[in-house]
Every structure is written in structure tokens, then in C-alpha cells.
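Novice: Chains as they are written, first to last, in our numbering: chain F, 1 to 663; chain E, 1 to 663.
It is possible that some hints are incorrect.
Put simply, identical chains are the same to the list, so a pair is met inside one copy or across any two.
As the list claims (entries may be wrong) - The calculated SDA-like cross-link candidates involving lysine to any residue, where the alpha carbons are at most 25 Å apart (straight line), are: (1) K191 / P49; (2) K72 / V506; (3) K139 / E463; (4) K501 / V104; (5) K501 / Q162; (6) K139 / N480; (7) K139 / W466; (8) K501 / L61; (9) K139 / V476.
FYI, nobody ran anything at the bench for these hints, they're computed from the structure.
Residues per chain are reported as follows:
Number of protein chains: 2
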Amino acid sequence: MSSLASANQSSGESEDYSYGNWYIDEPNAREEASQPYETIPACQHSFPPSLYHTCLAPLSLVAILLLSLLVKRRRLCLGCCHGTFGLPSPLDFLAEESGRLVPVAVFGILFTKLCVLALEEDPLPFLPISSPAGQGYWKTLALLYYPALYYPLIACATVRHQAGYVLGCLLSWAHCAVQIWHKVECPQTPKIYKYYSLLASLPLISGLVLLSLWYPTQLLKSLSQKMAVTGLEVTGKSYYEDYLRHILSGKRSKSSSSVANPSFPSRILFYFLSHIYSPQRGFRLPLKLILSSTLAAITIYQEVLLLLVAFVPNLQKAREGITEEVTYMLAGFGLVLSEDKLEVIAWVKYYLWALEVCYVSALVLSCSLTFLMLTRSLVTHRNNLRAWHCGATLDGGPQPQKPGVGATAIFCWMSFSGYQTAFICLGLFLQQIIFFLGFVLFTFLVVIPILYGRNLLLFYMLENTWPFCLTLILAVILQNLTAHWAFLENHQGQQELTNRKSLYAVTFLLFPINVLVGIMVGFCRMLISALFNIIHFCQLDLSLLPRGVETLDPGYRTYCYYLKMEVSQSHPAMRAFCFLLLQLPGSQRLAGAQAGLRPSDVEEGIRLLQTKNSARNATRSRQSRIRWGLAYTLIRNPSLLTFRKKSLSGPLANGSQPSSPNP
Amino acid sequence: MSSLASANQSSGESEDYSYGNWYIDEPNAREEASQPYETIPACQHSFPPSLYHTCLAPLSLVAILLLSLLVKRRRLCLGCCHGTFGLPSPLDFLAEESGRLVPVAVFGILFTKLCVLALEEDPLPFLPISSPAGQGYWKTLALLYYPALYYPLIACATVRHQAGYVLGCLLSWAHCAVQIWHKVECPQTPKIYKYYSLLASLPLISGLVLLSLWYPTQLLKSLSQKMAVTGLEVTGKSYYEDYLRHILSGKRSKSSSSVANPSFPSRILFYFLSHIYSPQRGFRLPLKLILSSTLAAITIYQEVLLLLVAFVPNLQKAREGITEEVTYMLAGFGLVLSEDKLEVIAWVKYYLWALEVCYVSALVLSCSLTFLMLTRSLVTHRNNLRAWHCGATLDGGPQPQKPGVGATAIFCWMSFSGYQTAFICLGLFLQQIIFFLGFVLFTFLVVIPILYGRNLLLFYMLENTWPFCLTLILAVILQNLTAHWAFLENHQGQQELTNRKSLYAVTFLLFPINVLVGIMVGFCRMLISALFNIIHFCQLDLSLLPRGVETLDPGYRTYCYYLKMEVSQSHPAMRAFCFLLLQLPGSQRLAGAQAGLRPSDVEEGIRLLQTKNSARNATRSRQSRIRWGLAYTLIRNPSLLTFRKKSLSGPLANGSQPSSPNP
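With the sequences and hints as input, model every part of the structure.
Specialist: Encoded structure:
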């Protein structure tokens, strides 16, 4: 056994154990020496968090009010404020052409704050906590406070105005400076693990850094160019035009993979990337899905970090702190690992080390599986979106026969990102528990017995039941063999049943054994079903229930309705047509106005298409057809524009009939 | 609290508790008085089981040999022994026309014996047990011994000969007499519960009684009628003719439900029966499904019996045996239910009674659910079979494009009944555990706190987290309300999205709360999925895995292949045609022979259709078409038979070409 102990030393914890050998008689002295239990000095911020919030909350409020005034002013100038109130929109979830960087960054900041908040004792530093119950109330309040605090960070970008960019710069710099200053001043915190707070805040800080770089860039751009907004619009326009051309041309454009003889690594890379990013021209995943995926990645990061720092350092400390007392404690429970106390300590340390390895392996496995499932989800999302765009429906999902959206769809759409994040969190946790248990059982019942000949529980069980197991295995093999060689006859190229009487006799005689085989198969069924559900728990695009009752699964139901809403409100072809219809006359009509057409005006485009004469449906549909045809022709033949200018801008602006149906 | 105690008395255990009040100071005396722990006297069988087996095993062997000789002799007489060996077939699983009573009875006997065997110490009474390990070997051996022992009981019926019936009478009487004699002599056994052995053997004894009545009846029939076998054949023939006529007529026959104005109860009964028994004329569930259902019912009986007698009497004993010592024991664990010792005893008794109620309720619920699932399975089986008969395929199952059977299908077909039985057993057990836990949690966390104001754990938790819960609920309600009233606009009868900016703002602001709502929804998802899978675990016709990966579920895979085998081998239309083809000339050709055509000769009918000239496929298919047409015409016009006798019996007997293709 001493050879084993030395093997242990060389493999896992060489220095710890060698120390343990020498200082085993002075456990207290050694413990104090090797484990100073480094006390983290109480760290006082020179700029306390309460002051930070007291300054930044009013600043944010002022920013919102200013932005609101700005929006109102522009609205009033344009003379159209139907349905929009003063508050600037945080972001346009349903538009493809709005930037994706700022929403992703702000959602990341918000979610990271939420994660950090869950473990913080002082959720709202500017409010005094009266009791532990009060802490709960403040946490609930903080769930509403932090979105409001970060609201201006995202709203400044959507206003697309120099004043907005200036405000954005100020706010993001202030947030970023304070956060970085706090972390530099106090990098270590006593909670859970000394660097946990720092590591957990990394996404928050990187998001803030990103914003405090993005806003100045945009400000500089808008200062240097007179019409900075046009650049963005041109992108949106070209995107939609591209998409429309691609859809209407009817033939697939050659993908970039048609390069002659790509190398093997680049092929693999391309194959992997083709799952994440669609090679179809003009097709983009909706912003909400991009957001959900980013949030899912942050969730995985935060959860893995927490699981890691909450378990591994403590286990390592426990391993280092093992002394002779453990042998007495184990003996008290009737567990005698060995006669030699040193050996017992070595074994306990070895077991703890094995436990740690199992834990980390389970974490790695569950993390990779969750990432894999996330990637697969993206593929499924893309396929489903494309199918819905073509009018297909999801298996078991809501039927798209009703063209409008319902309240359920809106509710599901609002909750989708939150649910996706929560499911990733729960799924990863479930996987970690199950895989950890599985690895521990495997290690302690199979690996250690085989390596060291200890804990032979499973092997004793096998030894006692081998005739039974052998009978079951033999029966299965026998049935398979007889099915192959005795009961099948090759009759003119077609396999036919033969020897029926023997088949019946074997079926009858082996029935009791088949019942027992069935018990084993039943356990397999349970295991497969449970593992499948746990691994796929984080996927919203997959129902955990079988065919026919899929929508009983609340996650899948949310996904189906989310998709319905997304497709009905942002079908790319529809949006492209609306955008172009507005763009063509608009760019000329509003050439003298201060601002060009914003992508959010597409909503107005949809409204324009709804003519007022509901009674004359036939005329309306004819009108619509003519209009689409007109728009399409004009896209393909831009030279005609000059001749059609008046007749086109007329009917689209006020909804009357076009002067001539034939372009 | 004393009012509660008196309430307890009146509700649950009035006499026990009132005794307890009086005799609380003499616990030992009272215990001995009220609980004599009735020792069951050791019971010696006057006809020991070892002798029973020593007599009956050779008798069964002799019976098998005699039957084998009988079969051989008849086979030799007929001059066709292709592929059949001497051993008589136990039953014709794939034929619809064979009787169903005997197979059901014998399988029931065999399975009951298997259940009783699992708990028996002496699985093979005629062999001495050397050690507990030896007991395991004997049990494994018994799995093969008992099917062989009961083999003649079923084989005697399939021979359809007077000698077979005589042997069947002898064997069934012997088995039945010995079993009944044993139970009458020793109705009580010390194991588990005094009457457990008697109750568990009931299906075995009733099966034996059934057989010992059936064989004499058949013997009398065959003695009184010269051609007793013909009766059976006529049944089979008329069944197939009916089915064929029904299929070929193309119009649905009126079902029996068309009686004018049936009463409400009879309607309900009919509705229920229509699920179990198909009203379609001529359609019958295959024998294997009938067998599996019977075995499933026996499994439920045996398992419920075992679960009931293993828990309830022991709990009742424990409840009666509660004395003052329990208070000390509880105090030792730091549990002080009350200051008054009498009250503590009352509470413990009440809790035990609640536990018992939960257990029995869970058992009733799981038993009813399993029965319901079994009924639903029968409906699905029928629908699936009909769909396969028409050439449809199961969702995700194997494609029926390959017309022949494969080894997998044969293996799955052989194991099907065993698996179904095992899954019912496992499923019921799982349900019992889960429902019991659920009921206990519900009773002790919700019902008792509400009724008596104790164990307020859940309510304390709710009290501490109410602002959190309220926020979540309010957020969900708010989102639903705004989705309905603020973000939806009724635009010419069609609902359209409006107020987009507010929608985006609400989505952003409520995101953190939606993550927490998502955690709750995730728990619901887990619960729904787990409950669904546990409740449907016993159903083989339902995959527990979602769409696309259904056949990864071993149970569903077995079911699909079983169905494929069943349909390919016993398609009713095919069998009906074969039967008729053989029947028409056979009844005249073999009129002088001792025995008529047996339904098992249908196999030969299938063979006859395969002509030897594989090269001339075109001729063959023309031949087949002509033959089917001929047979059909003759069925519809029996008067033509006399004119066609010679030309028909010729080609069918030796497979040569028919002399005239036109009937």
C-alpha cells in the first residue's frame, strides 16, 4: 500500500502529502503554517457605492428627460406622433437594420448585474437595510431599479443624434470609470472566493468599456460627416435590396465554399461556422435570438465560475487540512480504511482528490454539452425561421393560419429571452449534478476497484448474481441468433418466416426470462429518457414531451409563439418591400428635412399599405398586387424612376389608386 | 389541543387511542394484550411440494412425448412434415382463429408462478439448497423449469385431438388439485403477511380451475360429435369470410350503436367498450396483445397486493405499538411536538395514520392511472394495426418498404410480451414512489398546517418571500394585460401590433424579472416532463423521447418492430385469402381423412402461392392475379364450385398452371 501512497504523491498532491508525512505529529502547527487562512483586509472604497448610485441615478434620469425632449421635438417637427410617447425606445427588437453591438452590450451589463446582485448583501447601497427580510425587499426592488439605471445607456444610441451620443459618452464613461476604480481599489472580496467578485464583474466591465468606446466613435463620426445617419441607412437599404434580389431572383447564389479544394482545417472551420452563421445572403438571425445567445453564454460563464469557486478551493483547503483526527472520526462511523493511520490519511486525501477531479470533469462536460446545445439551437432557429418565412409551421406548434398576432404571442415574445437565460441556468445546474453523481459512482465503484482492488462492492454484487446476469445475456444472444439463423429463410431474395412452431415454443419457454430482460430494458429506457431530457433541457426549440402533446411543454410553447410573433412582424420580404416603398419617394420627398427616414418608420410603411376602404376588398387586393408589381419593376429598372416619380409618390402617400396599373 | 386529540379519536383510530389513554402507564401489558403478534403455526403439507414436482414433472414429460408421437403420426400420414418437428406447438401466436382462453390461462399461471417465485426461498422444492448463493442459481434454473412444466398444459389444446384433451384433463386436474389442496391445508404463511401467499396464488389457481373445466368440456364435445374439429374450423372460416366480405364490399356495415335512442348509461358503456373492443366487423386484436394485456392486469394485481401487504399492516402494527418511549426518542432528536406526553403520542399516531392514508391514496391513484394507460394502449394498438394494414407507417418507426421480416423484428416480437409486463411493473412502482412522496409533502406541508396550524414551514417560507413572489405574479399579469390592451390594435377585424416603443421599453425593463419567472417556468417544465414520462412509462406504444429521436427509446423500438412482424405475418386479408384457397378444395379433397384442415395449415397456403419458376416473374404475377380472381369469384358464387372442382384442386395442390385462366 505504501507503493500506492507514493504513486499518489507523484500524481496528485505531491508536496502536500510529503509535508503530511513529516509533520503528521504536529497537526496544529502544520495547519497554521501551511494554511494561514489569508484574511482579506476590509477594503473601503474611496468613492463609496452609495455615492456612485446617488450621483448616477439622477444623471440617468436627466439623460432620459433630455432624450425624451429631443425625441418629442423631432416628432413634433415631423408632425406625426401617433402611438409613440416621449420616452425614447431602448432598442428596436424587431428591426434587422439597427445595430446589434449596443443592445448586446447593455443586456450583458444588466444580466451580469443581476447575477452579482443575487449574492450581494447590499443590493441598493443608497438605501439602509433594516433586517434580513428588508434585504429581500430591496433585492426585489433592485430588479426594477437596475434596468432603469442602465436604460439611458441603450436609449442614447437609438435616438441617433449628436446630443444622444454626447450623453451616452458621459454616462458610459462615468459607469465604466467607477466600476474599474472599484475593482482596482478592492480586487479581493471575502465572499466565496477572493477573486470571485472581480471575475464575475468581467462581462459588466467589458460591456461598459465597449460602450465607452462606441459612443465617442459614433460622436466623432457624426461630427465629421454631416449626414452620419445616412451611412447606417444605406447599409439597411442595401441589406434589404440584396435580400429582395436574392429572394426574387429564384436561383441560389454560389456560396463562398465553392473555392477550389479548400484545405481540411478550413473545411472544418467552414462547416462549424455554417452552423452558426447562415451562408444565405441577406438572411440574419433576429436581434432577440442574438441577444438570447449572448445572454446564454454569459449565464454559462457566471454559473461555471460560481460552481467552480464555490467547491474546488474549499475542497482543496479540506484536503490540505486533513489530520490524524479523521481516522478517529472514520473509525467512529465504523469505517476502517486501513490499520496504518498514515495510510488512512493518504487514502482520504486521494478520495478527496478523486472527488475534485470528478467535479471538474463533470463541469467541463456539462459546460461543453450546454454550448453544443446552444449551437444546435441556433441552427434550429435558423431552419425554423426560414420554414416559417415560407409559410410552413412547426411540429405541434400554433398554426399560422391566423395572420395577425395574439396577446399570447406578444407575451411569449416579451418573455423569450428571460426564459432562455433561465433554462440555460437550470439546465447547466441539472447536468452538473447528474454528471457529478455519475462520475463519482463510476470512479468509486469501477475505476478505483480496478486500479487498487478496494471498494469491490459492485464486483461482489456481480459475483453473487453472475448466473442470473449470464442467463439474461445468453437468452438475448440465443434469441437474436435463432431469429437470424433458425427462423428466417431467404426465399427468392426475400426473407420469410420459417419454423413457426419452434418460434412459438421458444417464445413460450423464454417468456419468464424476457420479463427480467424487460426490467433491465426498462431501466435503460428510464436512463435514456432522463439523460436526454436533462441534456436538452436548455433548448427551448425542442419539446421535452413526445409527439402530439408538445405544446404542454411551457418552454416549447413560448418558443412557438415567439417565432410566430417574430415572423409576423419582421418577415424580411415584407420589411424589405415596406422599406423600399418608403425609401424611394421618401429620399426625394424629405431630401430637405433634417433627418432621413429611420428604419423604425417601417411601421408606418406597414400602416400605409392598409387602405381605408375595407368594403372593397377585391379592389384592395388588386391594388396591392399592382403596387407590389410596380415596386418590383422599379427596383429592377431604376432608370424608369425618373418617369414614374409623380405617379408613384402620389398613391403611396395618400392611399388612392395608382394612375396606371401597368408599369 | 385536547379538542384535536378527541377529533383524532373520532376520525381515525378511536378505539386504539382511547385504550392508549387508559393504559398509558402499563405499555408492556397493553401491548401484549392488544397485540398477541399471532404466530402462524408451522404448517406441514401432507402432500409435500417436492413430491408434487417429482410426480408431475415426469408426467408432463410423458405427456409431451405422447403428444409429440401423436403429431408425428398425423404428419406422417399426411406426408408433409416440412419444417415442423415433433414437439407440439404451444400455441399459434400469429393466428386469429385459435382459441384465446387456454393461452391466456396458461400464461397467467406461468407469470403468477414467476411472481411467487421471486419471494420464495425454495424455488425448486425437489432440489436441496446448499447456500444462499445456491438459492440464486436455483431461481435462475426455475425460470426455465416452470415454462417446461406448464408446457403440456397449453400444448394439449393445440393438438386438437381426443388424446390431447384426455392428457390435458389429467394434467390440469392434477395441478389444480394439488394447488388447491396446498392452499386449503396451509392458508397462512409467515412471510410478509399471513394471507399474502394465498392471495398471490389466486390467479394461478383460477387459471388452473379454468383449464380443468375447459379440457373436459372439449373432450365431451369431441366425444359427442364425430367431427368436433369442424365446429372450430367453421368459426374460423366464417370469421375470415366475414372479414373478407366486409373488406371487399367497400362500404361500412352499420355498427350496433345505431339502435334508436339508447339510454345514457348504455351509451357510456358503449363508448367505453368501443375503446376496448373494436366495433369493426372481423377485426380482432392479435393474440399477443391480448396476452400482454392480461399479463399486465395480473402484474398490476400482484404488485398492488405486494405493495399493500408489505407496508400497511406493518404501519398499523407500528401505530398500535407506540408508547411513551417515542416521546423520549423524539426529544433525543430535538423534536418536541408538545409538552404533554399523551399529546405527543396522539400526534405521532395521527402522523402515522396520515402516512398510511397517503400511501393507500397513492396506490389507488397509480393503479387507476396504470389501468387507464393500459386501456389507452389498447386503443392505440388497434389504430396502429389498422393503419399498418392499410400500408401506413408509424411516426418515426421502421419503414414498411421492405416487405419481408428481419431478425430484429422477430427478436422484438419474441420479447414484446415480456417487455410489456416488465414496463407495467416498473411504471407502477415508479408512480407509487412519486405519488406517495407528492401526497406526503402535500399533506404535511399544506393540509396539516391549514387544519391544525402546525408545521408551518411552507407558510413561513411564503411569508419571507412574499414580495418576491408577488413581484413575479404581478409582472406576469402586467405583461399579459398590456399585451391584451396596450400593444394590440383591432384593425379591420385583424389584430395588429401597436405601441412598439412601449413594448420594447417594457420588454427591456422587465427582463430581469422575466429571468426569474423563467426559473419558475423551468421547474414547471421539469415537473411536467417527469410526471408525463412516469405516467406513460408503462406504455410501449408511446416513445418517451421527442419527435425525430423516437426509436432511441428501446420500448418504442420494440413496439414498432413487433407491429411490423405482426402485420407482415398475419395481415387479415392475406390470411383470409390463404385460408379460403386451402379451405375450398381441401374440404372436399380431405373429406375422407381423419382430420380436417387446421388453421395452422395457412402457413402451407402461403407457401403454395410461391411457385417454383422464379425466372418467369411476369407469368407468376399473372397466375397469382388469376388465382385470386378465381377464388374471389368462387366465394361470391358457390354454385360454380361443382363445375370448377377438378380444374381448381389440380393447380393448387401441386403448384402447376391452372388449365383455364377464366373462371
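Novice: Decide, hint by hint, whether the structure agrees.
Specialist: We went through each hint and held it up to the structure:
no.	hint	in the structure
1	K191 / P49	within (17 Å within a copy, 71 Å between copies)
2	K72 / V506	between (86 Å within a copy, 19 Å between copies)
3	K139 / E463	between (57 Å within a copy, 16 Å between copies)
4	K501 / V104	between (70 Å within a copy, 18 Å between copies)
5	K501 / Q162	between (90 Å within a copy, 21 Å between copies)
6	K139 / N480	between (62 Å within a copy, 24 Å between copies)
7	K139 / W466	between (58 Å within a copy, 12 Å between copies)
8	K501 / L61	between (87 Å within a copy, 18 Å between copies)
9	K139 / V476	between (59 Å within a copy, 18 Å between copies)
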